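Asker: Sequence:
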Amino acid sequence: MTEMFDLTCRTNSEALDQSLESFQASLADLSPALREIADDFREMVAEQFATQGRAGGTPWAELASSTLRRRRGAGAGILYLTGALFRSLVEPGARAHVEEIGGASLTLGSSLPYALFHQTGAGRGFGQTALGAPGRRGDLPMRPLIVISGERSDAWVEIVRQHLEEKLLLGEKELGTAV
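In my numbering, each residue's number is its place in the sequence shown (first place is 1) plus 444.
Hints were generated in silico from the structure; no laboratory data involved. Note that this is a predicted model, so its numbers are computed, not measured. Do not rely on the hints blindly, as some may be mistaken.
Stated by the list, open to error - Computed spacing ranges between beta-carbons, pair by pair: (1) R531 x E595: 23 to 31 angstroms; (2) E595 x G547: 24 to 32 angstroms; (3) V591 x R514: 26 to 34 angstroms; (4) E506 x A538: 20 to 28 angstroms; (5) A538 x Q496: 15 to 23 angstroms; (6) L471 x I590: 26 to 34 angstroms; (7) A548 x I590: 19 to 27 angstroms; (8) E610 x L525: 41 to 49 angstroms; (9) P476 x S597: 31 to 39 angstroms; (10) D598 x P476: 18 to 26 angstroms; (11) E480 x G521: 37 to 45 angstroms; (12) S509 x L471: 31 to 39 angstroms; (13) S597 x T511: 29 to 37 angstroms.
Just so you know, even glycine gets a beta-carbon here, dropped at the ideal spot from N, CA and C.
From just these sequences and the hints, can you work out the full model?
Answerer: Written out as structure tokens, the structure is:
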């Protein structure tokens, strides 16, 4: 049979109480670690563009001949005709860049509507014309912009772990001075 017990600790020290509350609040704020992860995310996406998908393990499909004809030798790489998609993913403050860091949450990406189509691909006839009629475009192959490997995910977990460990060590020192 498992026995349970309650432990209650009461202090008469306002300084200790304030230190404990401050310490608890600091543990809940992961934003410094999340900023570091956001920096790494942007580097990861930049590498994905620089290698045209090879960095994420799936090289992007070559451009269709019809796309190449439309570009008439513009010379831009795959998914980089204007640079808007790239900037929206890697440049904080760029148009359509999404980066929201909360105390315990991180949202990253692009609000450009076509970003999702490149990430997941789209079947024949997706989209619509400028006049709102159904699109007559061909298949859009999947060209993953964001590929988070298990190794990278583990590295991000380690960033959070180290952040919490540093806070715990700092908290021990602060609590020791409040007693």
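Asker: If a hint holds in the structure, say so; if it doesn't, say that too.
Answerer: Against the structure, the hints come out as follows:
1. R531 x E595: 23 to 31 angstroms: 27 angstroms, holds
2. E595 x G547: 24 to 32 angstroms: The hinted range 24 to 32 angstroms holds for E595 and G547, with Cβ atoms some 27 angstroms apart.
3. V591 x R514: 26 to 34 angstroms: 27 angstroms, holds
4. E506 x A538: 20 to 28 angstroms: 27 angstroms, holds
5. A538 x Q496: 15 to 23 angstroms: This hint holds: roughly 20 angstroms between Cβ atoms.
6. L471 x I590: 26 to 34 angstroms: 29 angstroms, holds
7. A548 x I590: 19 to 27 angstroms: Given about 21 angstroms between the Cβ atoms, the range holds.
8. E610 x L525: 41 to 49 angstroms: Holds - the Cβ-Cβ distance for E610 and L525, about 44 angstroms, lies within 41 to 49 angstroms.
9. P476 x S597: 31 to 39 angstroms: 19 angstroms, violated
10. D598 x P476: 18 to 26 angstroms: Cβ of D598 to Cβ of P476: about 19 angstroms, so the range 18 to 26 angstroms holds.
11. E480 x G521: 37 to 45 angstroms: 28 angstroms, violated
12. S509 x L471: 31 to 39 angstroms: 56 angstroms, violated
13. S597 x T511: 29 to 37 angstroms: 33 angstroms Cβ-Cβ, so the 29 to 37 angstroms window holds.
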